[in-house]
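Keeping their order, the protein sequence lines are chains U and W.
According to our numbering, the first sequence holds residues 1 to 131 in order.
According to our numbering, the second sequence holds residues 132 to 220 in order.
Bear in mind the hints are in silico, worked out from the structure with no lab data behind them.
Certain hints may be false.
Ranges between beta-carbon positions, derived for each pair [said to hold, decoys possible]:
{"#": "1", "chain 1": "U", "residue 1": "Ser2", "chain 2": "W", "residue 2": "Ile196", "range": "31 to 39 Å"}
{"#": "2", "chain 1": "U", "residue 1": "Gly124", "chain 2": "W", "residue 2": "Tyr163", "range": "42 to 50 Å"}
{"#": "3", "chain 1": "U", "residue 1": "Val84", "chain 2": "W", "residue 2": "Pro197", "range": "35 to 43 Å"}
{"#": "4", "chain 1": "U", "residue 1": "Gly80", "chain 2": "W", "residue 2": "Ile196", "range": "14 to 22 Å"}
{"#": "5", "chain 1": "U", "residue 1": "Gly80", "chain 2": "W", "residue 2": "Tyr195", "range": "17 to 25 Å"}
{"#": "6", "chain 1": "U", "residue 1": "Leu91", "chain 2": "W", "residue 2": "Gly204", "range": "32 to 40 Å"}
{"#": "7", "chain 1": "U", "residue 1": "Val7", "chain 2": "W", "residue 2": "Val211", "range": "18 to 26 Å"}
Ideal placement from N, C-alpha and C gives every residue a C-beta, glycine not left out.
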Amino acid sequence: MSWADVVTVLAGFVGGLLSGSLGIGGGQAFIPIMTIGFRFPQSLAQGTSLAAIVPTALAGGLTHLREGNVVLRAALWMGGGGVVGAVLGALLAVEIPGSILSRLFGVFLIFNAWRLFAAARRDGAAPHKAG
Amino acid sequence: MLWGGLQQRQANANSLIAIIPIAIAAVPIYYYRHGQPQVDFHFALFLVLGAVVGAYLGARSLKYIPDRQLKLGVAVLILVLGVKYVVLP
């Protein structure tokens with residue numbers, strides 16, 4: 001096990017923590033770690049991130065399931081619809097140039113940052129939220 | 132999260148469950164579609180080792196963490212990264 005592997009485990013831990021607590025996709029943590037930290041091409045980082053997300057989401061999701069937080073019907077509808085988009089998106093991602101893919105990922109991150117800001121503002125407006 | 136009536140915790144939990152079939156569908160395309168496989172399973176394995184522990188602790192600690200501050204901190208980080216990707220792809 002090399003130092004790079006140790007750093008990867010730590011990076012995975014941070015990604016998993018954010019995924020399990022805030023519900024943000026682990027990919028938003030995994031992909032920058034791979035492209036910026038390990039110089040992965042964008043497409044390779046995205047494919048690798050998706051492979052890592054399956055067991056990670058299973059671990060976080062099953063914990064939520066046991067704690068009764070999952071509305072299974074809604075989750076299955078979201079997942080089922082998402083599969084169609086995932087197949088189309090993956091077909092596109094492996095074909096388009098890396099620089100364009102990186103820029104699209106950047107726009108996606110900025111959009112999610114805006115969503116998190118909005119969510120934090122809502123929390124500020126309602127400090128005694130349920131849960 | 133936009134599903135009517137779902138609380139934040141339920142929305143997070145649903146997203147985690149929903150991403151599983153989505154990721155399973157996409158991985159073979161990244162692996163087989165391009166000339167060279169676009170999945171590094173060795174790297175993914177070590178990411179998972181840390182991430183599974185992190186995801187478990189994250190889901191368990193949802194009731195105790197300072198939600199708003201964490202969201203703001205992560206939002207700033209993601210914003211900086213997003214601008215970096217757009218300007219210096």
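Starting from the hint list further up, note which numbers the structure goes against and sort them upward. 4, 5
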